[in-house]
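Listed here are the chains, written in short residue letters.
2 protein chains.
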Amino acid sequence: MPKVDVTACALAFRDEIKKEIEVRVEAGGPRPKLVGIIANKDEAAVMYARWTERACARDGIQYELRQVERVDLEDAVIEANEDPAVNGIIVYYPVFGGPIDDYLRDVISVEKDVEGLNHRYRYSLYHNIRVLSDLGNRKAILPCTPLAILKILNHLGAYKQELPVGEQLAGQTVVLYNRSEVVGRPLAAMLANDGALVYSVDIDNMLIYRKGRVNGTIKVEETEVTQDEALAAADIVIAGVPHPKFKIEASKVKPGAIAVNFSQFSNFGEGIEEHTTFVPAIGKVTIAMLERNLHRLHMASEAA
Amino acid sequence: MPKVDVTACALAFRDEIKKEIEVRVEAGGPRPKLVGIIANKDEAAVMYARWTERACARDGIQYELRQVERVDLEDAVIEANEDPAVNGIIVYYPVFGGPIDDYLRDVISVEKDVEGLNHRYRYSLYHNIRVLSDLGNRKAILPCTPLAILKILNHLGAYKQELPVGEQLAGQTVVLYNRSEVVGRPLAAMLANDGALVYSVDIDNMLIYRKGRVNGTIKVEETEVTQDEALAAADIVIAGVPHPKFKIEASKVKPGAIAVNFSQFSNFGEGIEEHTTFVPAIGKVTIAMLERNLHRLHMASEAA
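In order, the protein sequence lines correspond to chains A and B. Its first residue numbered 1, the first sequence is counted upward by one per residue in this note's numbering. Its first residue numbered 1, the second sequence is counted upward by one per residue in this note's numbering.
These aren't lab readings, by the way, just hints derived from the structure by calculation. Heads up, a few of these hints could be off.
Identical chains blur together in the list; that is why a pair holds if it fits in one copy or across any two.
[What the hints assert, rightly or not] Below, in silico cross-link-like pairs of lysine to aspartate or glutamate (EDC-like), each with a Cα-Cα straight-line distance of 20 Å or less:
| no. | residue 1 | residue 2 |
| --- | --- | --- |
| 1 | Lys219 | Glu79 |
| 2 | Lys252 | Asp72 |
| 3 | Lys139 | Glu53 |
| 4 | Lys247 | Asp202 |
| 5 | Lys245 | Asp134 |
| 6 | Lys160 | Glu82 |
| 7 | Lys41 | Glu222 |
| 8 | Lys19 | Asp202 |
| 9 | Lys41 | Asp235 |
| 10 | Lys245 | Glu22 |
| 11 | Lys219 | Asp42 |
| 12 | Lys41 | Asp228 |
| 13 | Lys3 | Asp204 |
| 14 | Lys139 | Glu224 |
| 15 | Lys41 | Glu274 |
| 16 | Lys247 | Glu82 |
| 17 | Lys254 | Asp204 |
| 18 | Lys219 | Glu22 |
| 19 | Lys219 | Glu69 |
| 20 | Lys219 | Asp72 |
| 21 | Lys219 | Glu167 |
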């Protein structure tokens, strides 16, 4: 099987957003505006900002990159929070690294959090709450990278459209390498919400995420299953380990499985594309989801 | 100079709280109730829970320790959030370690967060917001350990009572080893809010925290000052480095300074008590502040 290029998947979303924006602009409405704030010299961040700028330019979205010193970052976020011309804010991490960056994520107002990473949105996600009733029934924003991965899985036919929403991944096993609060753990919860059995692997151990007995709840369990056993059973393997030496041996993955890599490094060993449907990179869809979240926040702010 | 025993400082607060509780109980009111939730086997956590239980018993506070599996911790917190008989919740960390523990901190409702560590309270602290106007003008809760350290500094005469509030540490230099989100960074901000010039040291670098030009703001700056220069200038040195080998050489600390250790290890080298006012441990005052925060939350819930 060939490697999967997700460009078409990304463009399908972007074309739709572009069209909707043009309709609104023609009717005299403003274009959505995204502000990126960068306070580091991280190459990956600079590149991601550049790609975002290019995608926004094509799709009729205003994008402004603001460069600040790290000690001024919180003030820059608050300024953008308070500016009615700004619809979405994205901060490029790491800045301080660790808990101070987590703190900063929560300073972005829910009205402008295109990344869907503040605590309100994450809590909603973990509890399958779709609408924030105390915030004018605004829909919760889902984090871009996990959302992009779901869209790619859907694009590849992993979701069974004939089943009801919330059960479309029922019967499918996922192994997911990464349990960060920005991708791996929300993604595990989202896959479980959609009916999958998810083995969540981090550096210390493996946990199981699956639907709880009560609708809208997730059950997290310790497990005695080994990583190799989980891999052998998995219909979908997703990896985002930020280390160049981490490799999942291709021979351990079930033939015919879907393998998705979202690390900056290739987390799968040689030959993976020979017996799986292999997605080597997802960045283009992530940017499409960023635009999608911005468009939604923009529409919600216009409606408010 | 002898080592400072903070027992008297702690008891002064506890006696007052105990008295206030008794008055309310005699008038037919309920006792405040604190729930501790433990999901690890961490020895320090078990010990802290035991000390808290003992202090609460003496002071007329109900304390209940709940043992749960880590995968059930979030549900246990939500259950306690929803139980009107519970006034305060303390979770003993680390559980998962890192960002998942940070997430859990924000699950505790602001009405019951005795540790003052959720994002609402930390944001208020960093911006010197004392009252949460959207939550019935409830007063923001300050985190126990930083608050305990301020109370100890006050007890030792570091605060100049003749100066207005917010300037009582003006002219004083502090070196603070630790920039965690649970102690070091909030403490740096609180000391800066009170007028001190604070050198905040973490494993990578040193930052300066001081009052901003606008009242109620803090200015954070990078600095070229070396740690030794900062130490030589410091009237107050505070250390909480969780490593047995980390030692501040006594000879580098200015004679007559106040030295406070809040690590589980002794962060100061031999001889420190000979030329400083040395506080080797602060745990008793931390527990007193936990009681104080609980008492405040209890009174606020009765008033609501």
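Against the structure, the hints:
no.	hint	verdict
1	Lys219 - Glu79	between (40 Å within a copy, 16 Å between copies)
2	Lys252 - Asp72	neither (48 Å within a copy, 32 Å between copies)
3	Lys139 - Glu53	neither (26 Å within a copy, 43 Å between copies)
4	Lys247 - Asp202	within (14 Å within a copy, 33 Å between copies)
5	Lys245 - Asp134	neither (46 Å within a copy, 50 Å between copies)
6	Lys160 - Glu82	neither (43 Å within a copy, 37 Å between copies)
7	Lys41 - Glu222	between (39 Å within a copy, 16 Å between copies)
8	Lys19 - Asp202	neither (41 Å within a copy, 49 Å between copies)
9	Lys41 - Asp235	neither (39 Å within a copy, 36 Å between copies)
10	Lys245 - Glu22	neither (45 Å within a copy, 63 Å between copies)
11	Lys219 - Asp42	neither (37 Å within a copy, 25 Å between copies)
12	Lys41 - Asp228	neither (38 Å within a copy, 29 Å between copies)
13	Lys3 - Asp204	neither (31 Å within a copy, 41 Å between copies)
14	Lys139 - Glu224	neither (37 Å within a copy, 47 Å between copies)
15	Lys41 - Glu274	neither (38 Å within a copy, 46 Å between copies)
16	Lys247 - Glu82	neither (45 Å within a copy, 45 Å between copies)
17	Lys254 - Asp204	neither (24 Å within a copy, 44 Å between copies)
18	Lys219 - Glu22	neither (43 Å within a copy, 43 Å between copies)
19	Lys219 - Glu69	between (42 Å within a copy, 13 Å between copies)
20	Lys219 - Asp72	between (41 Å within a copy, 9 Å between copies)
21	Lys219 - Glu167	within (15 Å within a copy, 51 Å between copies)
Taken one by one, the earlier hints fail for this structure at numbers 2, 3, 5, 6, 8, 9, 10, 11, 12, 13, 14, 15, 16, 17 and 18, listed in ascending order.
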